[in-house]
Amino acid sequence: MLTPVLDQFSKWFLHHQSFAAYIEPIMQVFKPGWRADLFRAKVVDVQALSGQFLSISLKPSKKWPIHIAGQHISLTVEANGRLLTRVFTLACSPAQFKATGLLRLLVKTDQQGHFTSQLQNALAVQPWCNISLPSGDFVFKSWHKPSTFIAGGSGITPMLAMLDQQLSNTEHQIKLIYFAKAGEHQCTNELKMLTQQYNHFSYVMLTRDRSPYLTTHINTDDNPDIYCCGPAGFMQEVADFTRLLNLTYYQESFALSMPKLTDDNHFSVIINKDTHVVTSNEVLLNQFEAKKLPVQRGCGIGICHQCQCIKKSGVVRNLKTNQLSDTGEQLIQLCVSQAVSDLELQL
Amino acid sequence: MTTINYQQLADDLDEIKMSTLATVGQKDANYIRSIVRKQRFCEIGGRILFMLGFVQPLLWVAGVLLLGLAKILDNMEIGHNVMHGQYDWMNDKQLNSKSYEWDIACDGQSWNRVHNFEHHTYTNIIGKDRDFGYGLLRLSNDFKWRLKNTWQFITYLNLSVLFQWGVSYHELAGERVFIGKKKPNRKGAVAHSTLKKRFFSKGARQLIKDYVLFPVLAGPLFLWVLSGNFLANLIRNLWTSTIIFCGHFTEQTHTFYEQDCKNESQGQWYYRQALGSSNIKGARWFHILTGHLSFQIEHHLFPDMPSSRYQEIAPKVQAALQKQGIAYNTGGFFQQYTSVLKRILRYSFK
Ligand code: FES
Chain A
580 MLTPVLDQFS
590 KWFLHHQSFA
600 AYIEPIMQVF
610 KPGWRADLFR
620 AKVVDVQALS
630 GQFLSISLKP
640 SKKWPIHIAG
650 QHISLTVEAN
660 GRLLTRVFTL
670 ACSPAQFKAT
680 GLLRLLVKTD
690 QQGHFTSQLQ
700 NALAVQPWCN
710 ISLPSGDFVF
720 KSWHKPSTFI
730 AGGSGITPML
740 AMLDQQLSNT
750 EHQIKLIYFA
760 KAGEHQCTNE
770 LKMLTQQYNH
780 FSYVMLTRDR
790 SPYLTTHINT
800 DDNPDIYCCG
810 PAGFMQEVAD
820 FTRLLNLTYY
830 QESFALSMPK
840 LTDDNHFSVI
850 INKDTHVVTS
860 NEVLLNQFEA
870 KKLPVQRGCG
880 IGICHQCQCI
890 KKSGVVRNLK
900 TNQLSDTGEQ
910 LIQLCVSQAV
920 SDLELQL
Chain B
2 MTTINYQQLA
12 DDLDEIKMST
22 LATVGQKDAN
32 YIRSIVRKQR
42 FCEIGGRILF
52 MLGFVQPLLW
62 VAGVLLLGLA
72 KILDNMEIGH
82 NVMHGQYDWM
92 NDKQLNSKSY
102 EWDIACDGQS
112 WNRVHNFEHH
122 TYTNIIGKDR
132 DFGYGLLRLS
142 NDFKWRLKNT
152 WQFITYLNLS
162 VLFQWGVSYH
172 ELAGERVFIG
182 KKKPNRKGAV
192 AHSTLKKRFF
202 SKGARQLIKD
212 YVLFPVLAGP
222 LFLWVLSGNF
232 LANLIRNLWT
242 STIIFCGHFT
252 EQTHTFYEQD
262 CKNESQGQWY
272 YRQALGSSNI
282 KGARWFHILT
292 GHLSFQIEHH
302 LFPDMPSSRY
312 QEIAPKVQAA
322 LQKQGIAYNT
332 GGFFQQYTSV
342 LKRILRYSFK
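Protein chains in written order, with our numbering: chain A, 580 to 926; chain B, 2 to 351.
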């Protein structure tokens, strides 16, 4: 009752989106890492696994609501003063979370990605990070029929959570087809234990070079529901196959595929829900002006920040510094930004 | 007179900028957050002390000073610098130029347009930078003398007292929203209706907060709170106005003409920024209270570099300017302020 009043008061008179945002710096004195619109989580453990994977255990604050297996959260860490945010699927079921109080993330560290390369260092020095509410609708729906999970690389994470949560709730066959590079399959012990525990669960671990077809192991006679998580091209292949055979298909896209930058690439940009096409041989501001989008131009040379907007996702190059941005949410200056991938912006 | 090697100047200053920005990180983030934290403590502390004025009036005086300090920090070191985008790299929702709104009458977006863009791009170009004299004062022979300039010292004092309202009305005056003939060289970025709406909305909320809401909440202490708020606002207005005048209107600051600035190179742009500004010497606490506008030269050269770095780069900037024989205008507070007052008086008359 008091919170909405205080929030409105803060908006009008303290010029902050919420009262929590106004007192954030004070709260941080008592609770390090506390942030107004996110949940605080303690970094309990960070372990390096094979194939450049990190297993991260987080203990979220008591207020964090429980997720549904298959959902994701955004993880925010402070790395050298910058807040970096990325979305990860939780690799634990609600039951596991209740039992241990810990959330598990399995993160593939990718040397190219700004975020993941900094993540390990940041977590080593910052005992606190922040997480969002769980969200996403890539969750189990097939209690009354067989299902097949197809995972590619770190696409295994939602599957781990779903298997743990759902195997005891259904008697129908669940099969996991798990592709990864040789030696990079994660949590194999866990999977083995699940087969011992549940007769209706089976899995195969494959590498792409040995089994070029993703769909060979799908038992189409059972007419299973298909759940797929992996790189974009990977999921596309499975999606096409299921469409052909009329199978029910669910997917979770978790990674951004990044084409090489040559001078004249075309990318799609989602701005306030509309989609536009831009080229990479011109800064974004000029192109948006030509399209008569509601952009602000100031100096046009990267000084005044008039043209700044929020990038929700995608990568841009800052022509002033010649640096690539992160893939996550951040502010960019349109007058010095060149598209390097598909983008989502908020003007 | 030495001839200036503009290319060399640009290279030297760019080098200072790049090497400094490369080291910006945790330290700077911690710095600005700690200033915001202090600002909060001062603001909340000040408002609480007002209420204790009836126990001991000195507590009320302390409250006025604390709230004044909070308003100065919010206006100068936090608001001005965050809204310049100096801390945007932090990706912090509370500290970025897109969303920050300060505790003064002026709508942040309006200030961004006039100050960040107009003033910082066209610094001291007569006719383009309305910050030069704010359309109220005659500060160089570039302007025709008018009768009203005779009493412009009084105008200056009034402007200082009401500084936040001057800043707030600045864009609307330039756009001739209420009175005057529209200048042909201005193409307003925003509709007049929007300007008016945001002007009244922000201004009204500031007035209601300090002169209605908080005093009423204080009940019987209505007058203590009302007068405390009034004085805190006054202290902030006088302080910001004084600092900003010292940064731009000492006798030595130059003016420029539009035709001279056509096709300006980066080096020439730097040159103009350096000569259009002046610094004030002082202790660290003084620099923080001025929002590091005591390093006005550094700020004008690198408006989006975190203010936490101006002090550190100042000697390098001075050296780079000296190498080209360009003046680096600095001095103690009283020296600079006297110079400002002299300039205002001198151009009061033909
Ligand atoms: S228009 Fe000024 S920074 Fe882009």
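To be clear, the hints were calculated from the coordinates, so they are not data collected in a lab. Since the structure is predicted, the reported quantities are computational estimates derived from the model, not experimental observations. Hints may be right or wrong, so weigh each one.
[Unchecked claim] List time: in silico DSS-like cross-link candidates among lysine-lysine, alpha-carbon distance up to 30 Å:
id, chain 1, residue 1, chain 2, residue 2
1, B, Lys-28, A, Lys-610
2, B, Lys-197, A, Lys-871
3, A, Lys-899, B, Lys-18
4, A, Lys-621, B, Lys-182
5, A, Lys-899, B, Lys-198
6, A, Lys-771, A, Lys-760
7, A, Lys-871, B, Lys-182
8, B, Lys-99, A, Lys-610
9, A, Lys-590, B, Lys-197
10, B, Lys-197, B, Lys-129
11, A, Lys-899, B, Lys-94
12, A, Lys-899, B, Lys-324
13, B, Lys-263, A, Lys-852
14, B, Lys-39, A, Lys-641
15, A, Lys-871, B, Lys-263
16, A, Lys-899, B, Lys-145
17, A, Lys-891, B, Lys-182
18, A, Lys-610, B, Lys-94
19, A, Lys-891, B, Lys-94
20, B, Lys-28, A, Lys-621
21, B, Lys-129, A, Lys-590
22, A, Lys-621, B, Lys-198
23, B, Lys-198, A, Lys-852
24, A, Lys-870, B, Lys-28
25, B, Lys-317, A, Lys-590
26, B, Lys-317, A, Lys-899
27, B, Lys-39, A, Lys-871
28, A, Lys-642, B, Lys-39
29, A, Lys-870, B, Lys-317
30, A, Lys-610, B, Lys-39
31, B, Lys-317, A, Lys-871
32, A, Lys-590, B, Lys-263
33, A, Lys-891, B, Lys-263
34, A, Lys-871, B, Lys-94
35, A, Lys-638, B, Lys-28
36, A, Lys-642, B, Lys-198
37, B, Lys-99, A, Lys-870
38, A, Lys-899, B, Lys-182
Verification of the supplied hints:
no.: 1; hint: B:Lys-28 with A:Lys-610; verdict: holds, 19 Å
no.: 2; hint: B:Lys-197 with A:Lys-871; verdict: holds, 24 Å
no.: 3; hint: A:Lys-899 with B:Lys-18; verdict: holds, 12 Å
no.: 4; hint: A:Lys-621 with B:Lys-182; verdict: violated, 61 Å
no.: 5; hint: A:Lys-899 with B:Lys-198; verdict: violated, 36 Å
no.: 6; hint: A:Lys-771 with A:Lys-760; verdict: holds, 19 Å
no.: 7; hint: A:Lys-871 with B:Lys-182; verdict: holds, 29 Å
no.: 8; hint: B:Lys-99 with A:Lys-610; verdict: holds, 27 Å
no.: 9; hint: A:Lys-590 with B:Lys-197; verdict: holds, 20 Å
no.: 10; hint: B:Lys-197 with B:Lys-129; verdict: holds, 22 Å
no.: 11; hint: A:Lys-899 with B:Lys-94; verdict: holds, 23 Å
no.: 12; hint: A:Lys-899 with B:Lys-324; verdict: holds, 26 Å
no.: 13; hint: B:Lys-263 with A:Lys-852; verdict: violated, 40 Å
no.: 14; hint: B:Lys-39 with A:Lys-641; verdict: holds, 29 Å
no.: 15; hint: A:Lys-871 with B:Lys-263; verdict: holds, 27 Å
no.: 16; hint: A:Lys-899 with B:Lys-145; verdict: violated, 41 Å
no.: 17; hint: A:Lys-891 with B:Lys-182; verdict: violated, 42 Å
no.: 18; hint: A:Lys-610 with B:Lys-94; verdict: holds, 18 Å
no.: 19; hint: A:Lys-891 with B:Lys-94; verdict: holds, 13 Å
no.: 20; hint: B:Lys-28 with A:Lys-621; verdict: holds, 22 Å
no.: 21; hint: B:Lys-129 with A:Lys-590; verdict: violated, 34 Å
no.: 22; hint: A:Lys-621 with B:Lys-198; verdict: violated, 45 Å
no.: 23; hint: B:Lys-198 with A:Lys-852; verdict: holds, 27 Å
no.: 24; hint: A:Lys-870 with B:Lys-28; verdict: violated, 41 Å
no.: 25; hint: B:Lys-317 with A:Lys-590; verdict: violated, 42 Å
no.: 26; hint: B:Lys-317 with A:Lys-899; verdict: holds, 22 Å
no.: 27; hint: B:Lys-39 with A:Lys-871; verdict: violated, 44 Å
no.: 28; hint: A:Lys-642 with B:Lys-39; verdict: holds, 28 Å
no.: 29; hint: A:Lys-870 with B:Lys-317; verdict: violated, 44 Å
no.: 30; hint: A:Lys-610 with B:Lys-39; verdict: holds, 16 Å
no.: 31; hint: B:Lys-317 with A:Lys-871; verdict: violated, 43 Å
no.: 32; hint: A:Lys-590 with B:Lys-263; verdict: violated, 43 Å
no.: 33; hint: A:Lys-891 with B:Lys-263; verdict: violated, 37 Å
no.: 34; hint: A:Lys-871 with B:Lys-94; verdict: holds, 28 Å
no.: 35; hint: A:Lys-638 with B:Lys-28; verdict: holds, 27 Å
no.: 36; hint: A:Lys-642 with B:Lys-198; verdict: violated, 40 Å
no.: 37; hint: B:Lys-99 with A:Lys-870; verdict: holds, 23 Å
no.: 38; hint: A:Lys-899 with B:Lys-182; verdict: violated, 39 Å
Of the hints listed earlier, those the structure fails to meet are numbers 4, 5, 13, 16, 17, 21, 22, 24, 25, 27, 29, 31, 32, 33, 36 and 38, in rising order.
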